[in-house]
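Novice: As you go down the protein sequences, you meet chains A and B in turn.
Each residue of the first sequence is one higher than the last, beginning at 1 in our numbering.
Each residue of the second sequence is one higher than the last, beginning at 1 in our numbering.
To be clear, the hints were calculated from the coordinates, so they are not data collected in a lab.
Watch out, some of these pointers could steer you wrong.
As the list claims (entries may be wrong) - No more than 30 Å apart at the CA atoms, straight line, and that leaves these computed lysine-lysine pairs for BS3-like:
1) B:Lys168 / A:Lys8
2) A:Lys59 / B:Lys157
3) A:Lys59 / B:Lys11
4) A:Lys59 / B:Lys70
5) B:Lys59 / A:Lys59
6) B:Lys168 / B:Lys25
7) B:Lys168 / A:Lys6
Unchecked claim - To give an idea of the interface, some chain A residues facing chain B are shown, with a C-beta separation under 7 Å as derived from the structure:
8) Glu19
9) Lys54
10) Trp66
11) Leu68
Unchecked claim - Cβ-to-Cβ under 7 Å is the rule here; a few derived chain A residues that face chain B:
12) Leu12
13) Phe48
14) Leu49
15) Lys59
16) Val61
17) Val69
18) Asn72
19) Ile73
20) Lys75
Every residue gets a Cβ at the ideal spot worked out from N, C-alpha and C, and that includes glycine.
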Amino acid sequence: MDNCKKYKDLILTNYIDGEMDTEMKQQVDSHLLVCPNCRRFAEEVNHFLVASFKNAVRKNVPEHLWLLVKENIEKENRLNEKAGNFIHRLMESLSFPALAPVLGSFVLLILVGSLIFYNQQMKQGKEKEQVEYLVYLLGATEVSPETENNVPETPIEKYFL
Amino acid sequence: MQDISDDVLIKASQGDLKSFEELYKASAGFVYNVALRIVNNREDAEEVTQEIFFIIYHKLKGFRFESSFKTWMYRITVNYSINFAKKTSITRNKTAEYEDTSIAGTVVGDVQKGIDKEHREKVIEDLLNIINPDQRACIVLRNMEGLSYEQIAQTLKININTVRTRLKRAREKLLGVRKRVDYGQL
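Okay, chain B solo, but in the shape it has when bound (with noise of 0.2 Å):
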């Protein structure tokens, strides 16, 4: 996410369009790119994009500035999309199985292969279906935008030690599909 001067911050505060529109500006590809990878969905990341956007124009009236804005936005960004992405979860689940061993055979083929972008494109959003949105969230920050651990504690208001053990059951879990594919049990 890029720089944001706190000028552009006050007067977006204060409620200048043309302010939010710097912001948004800066901003946008983080919190497009966060939310698409949490909700794993392009047009339900489209959705989460703008509420997301509405909800920062109406807090950033009470933002308190000596807190950083970037955690804070970080922190808006991966709540709603984990809480629109466990709403939505219930019909993930369904074809979650279907991904699942849809993807169990791609997978290995498409990293060691080095098939085209699309489709190794389509292997991420398959392999992000497996896991949890909390995990997703942590994995996305950590291995996407490169989070630090303590960054990620921030943002999601948890402890280190929570935020480790959510990424390590996210790799075994993904690291289960591929053993599977690669003993042939799938």
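Extracted from the complex, chain A is given alone in its bound form (with noise of 0.2 Å):
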């Protein structure tokens, strides 16, 4: 009985399947002439499980298919191209030939902008540095009120105070 289980499986899978070196197939063939049990399920197995599978009708590829693959394929060649063309001419406007004049003037724009400030700045420092230098030399000479008021300095002012 366990003989014939492992001969079922074989039967099930290898043997159906030509998928055995012929010592072992001469084994099966062997069991088969001697065991009615295991051949009746052999000839079930080849009936049922092969011939009918086998025997099934290949269909016909319907001819619409190949349209619309290629239908598909188009279209997405089409948005590919579309695509490419956008990037290309993006491409083709940031490129160095178109580009140089605008790039050219916003540099020269920036360095010019930049010059006319930093001389003002220096204008505005220069202009802030004398009115405080200047103010410090007559803040030097200057004579406070109190010294104005209360000390005199000339013979007069020294003989009316």
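Taking the hints as your guide, dock the two standalone chains into a single complex.
Specialist: What follows is the structure, given as structure tokens:
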């Protein structure tokens, strides 16, 4: 009985699929000659599981399928082309020859602007410094009101005060 | 599947639509029939076939010509079909029980009496519905497309023993339906 189980497993796979070496196949064949139970099983498997699938009709591919496949591909190609064109145009507009005058003007503008700004800053700084310096000078020679009012400077002032 | 020349493959991989059409004509029969048996529904098979060729068109650009184109194509076809079938298996399972009983009575009769082709096709469709998509792929590749265990293993990127186990379990399940009929349990 155990032997039959082993043979039935083999019949169900390697034997009916022809995936068995000659020696093994001879062993199974010999068993089938003496075991009606396994022989019936092999016939059933062959008839029911192999022949029915093997005889299945191969279906024709519906003709419209290629048109659908082609349509999908062409549609995607068109989209890719559009996307590609857009990127190309973008790259072209950003490419050096076209960009040079724009970039040049931009850089020049920044340079001039920064030069003007720098000069103004310098001018303002110098003026401030000059003013501060003058204030400092004036401050140094200036007479305080207290001194001016209370301390007699000239002989007349001295006389009267 | 018909042989496809390297020239056609190279041109198709460069985006040449004419060459891709040649490739399609040579392989559409295989792709459609395998997809049809695995997803087990005509409308789904058409959708799957379209998708597979769309994938092939794109992936062909990166195809390494040192590996077999056939195996590569088999793999894309079977894997995409299995995944599609698994996604739709929830709805399928709902009808499977009904079909299980509905076919059970006809299987023996059809095979023995040799009823018309159309009816036999329906039986095959129902039988394939009983097994899961992985098992279905093995049965289709072995019994319908005639691939060897090794070729199936290469296509599905699985061990030969796994191929054997899947075939064995699928066939046991299918035989179970027949036995239930024989013993009048259904």
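Novice: Work down the list of hints and note, for each, if the structure agrees.
Specialist: Status of the hints after comparison with the structure:
1. B:Lys168 / A:Lys8: holds, 10 Å
2. A:Lys59 / B:Lys157: The hint holds at about 27 Å.
3. A:Lys59 / B:Lys11: Status holds; Cα separation ~29 Å.
4. A:Lys59 / B:Lys70: holds, 20 Å
5. B:Lys59 / A:Lys59: Holds - the C-alpha atoms of lysine 59 (chain A) and lysine 59 (chain B) are around 26 Å apart, at most 30 Å.
6. B:Lys168 / B:Lys25: Violated, because 34 Å separates the two Cα atoms, which is more than 30 Å.
7. B:Lys168 / A:Lys6: holds, 13 Å
8. Glu19: holds, 5 Å
9. Lys54: With a minimum Cβ separation of about 6 Å from chain B (threshold 7 Å), the hint on lysine 54 (chain A) holds.
10. Trp66: With a closest approach of 6 Å, the tryptophan 66 (chain A) hint holds.
11. Leu68: Holds. Min distance 5 Å.
12. Leu12: holds, 5 Å
13. Phe48: Holds. Min distance 6 Å.
14. Leu49: Since the shortest Cβ distance to chain B is 5 Å, the answer is holds.
15. Lys59: Hint holds; lysine 59 (chain A) Cβ to chain B Cβ min 6 Å, cut 7 Å.
16. Val61: With a closest approach of 4 Å, the valine 61 (chain A) hint holds.
17. Val69: holds, 5 Å
18. Asn72: holds, 6 Å
19. Ile73: The hint holds - isoleucine 73 (chain A) has a Cβ within 7 Å of chain B, the shortest such distance being about 6 Å.
20. Lys75: violated, 10 Å
Hint compliance for this structure: hints 6 and 20 are broken, all remaining hints hold.
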